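Here's the letter readout for the chains.
Number of protein chains: 2
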Amino acid sequence: MKLKLTRLNDQLAFQAANEDGQQIRIDASAAAGGQGLGMRPMEILASSLASCASIDVLLILKKKRIALEAYEVHVSAVRKEAVPAVFETIHLEFVVAGTDPLEEVGKAVKLSVEKYCSVAGSLHPEIKITYEVRQEKRYE
Amino acid sequence: MKLKLTRLNDQLAFQAANEDGQQIRIDASAAAGGQGLGMRPMEILASSLASCASIDVLLILKKKRIALEAYEVHVSAVRKEAVPAVFETIHLEFVVAGTDPLEEVGKAVKLSVEKYCSVAGSLHPEIKITYEVRQEKRYE
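Residue numbers (our numbering), protein chains in the order written: chain L, 133 to 272; chain A, 133 to 272.
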């Protein structure tokens, strides 16, 4: 894998690009001198986990021919008050709607976080990754 | 920290957003069914490391009043051929130009990766993070 990180300005904002030209923008916190031009590196890291798990979950459900009417993930992460301010916990709340998806989504999430997801496997083992699945109410 | 991950389509593309509305787009690999609508989760993860280290490096150089005429980071990462396909190595090549920046940038990178960078501290200790600093040739 090859990526290039370039500066967006003379401050602390960056663009990361892969070899296909896909890009993301990253900026420091306001406290460190960032100007709100992108997500912060630790937010980017947590996003990589949520998306990695989601790809697994949606592929597993697709194989089982389980359709979802809605899907999103709410991420809440807590960092240590120390230097470095590493993650202590990352909680993933999967909010789904469909025909009784709770059990199947729960199984898929468990498989992803514990077995398949390359991002989860690349994180420090002391980071506690927790998850829950919540059925969204739908107005019909 | 709170983030929300939503689907961009009925395939495997997502948008992650922080509470300030900053966003990134993420997609699966083509092999898994992605359609090239964003960077892949493991690329996002490697980008978080390169940007975290870069914020530290630029802040350290700023404190020392060392000006850079150019700055970019080339990331090369190798994943295990296994499930999960975790990172084995992440190599960061800092390409800089300025008045003799090599030694000072090298010191700053070392401090960041070994001490300050929260992303580096959140990665699995078995991932080997290496770095080098290269002086860019400038035409004057």
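Hints are computed from structural coordinates only; laboratory data are not their basis. Note that the structure is a prediction, hence the values are computed from the model and not measured. Check the hints yourself; a few may be wrong.
The list makes no distinction among identical chains, and a pair is therefore deemed to hold if it is satisfied within one copy or across any two copies.
Using 27 Å as the maximum straight-line C-alpha spacing, the simulated BS3-like pairs for lysine-lysine come out as follows [to be verified]: (1) Lys212 with Lys260; (2) Lys247 with Lys212; (3) Lys269 with Lys212; (4) Lys194 with Lys212; (5) Lys247 with Lys134; (6) Lys134 with Lys196; (7) Lys134 with Lys195; (8) Lys269 with Lys247.
Going through the hints against the structure:
1. Lys212 with Lys260: Both: 12 Å inside a copy, 23 Å across copies.
2. Lys247 with Lys212: both (26 Å within a copy, 14 Å between copies)
3. Lys269 with Lys212: neither (35 Å within a copy, 41 Å between copies)
4. Lys194 with Lys212: Only across copies: Lys194 and Lys212 sit 26 Å apart there, 37 Å inside one copy, limit 27 Å.
5. Lys247 with Lys134: Both, since 25 Å and 25 Å are each at most 27 Å.
6. Lys134 with Lys196: This pair counts as neither: shortest intra-copy Cα distance 34 Å, inter-copy 31 Å.
7. Lys134 with Lys195: Intra 31 Å, inter 31 Å, cutoff 27 Å: neither.
8. Lys269 with Lys247: Result: close neither inside a copy nor across copies, 30 Å intra and 46 Å inter.
Violated hints, listed in ascending order, are 3, 6, 7, 8; each of the other numbered hints is respected by the structure.
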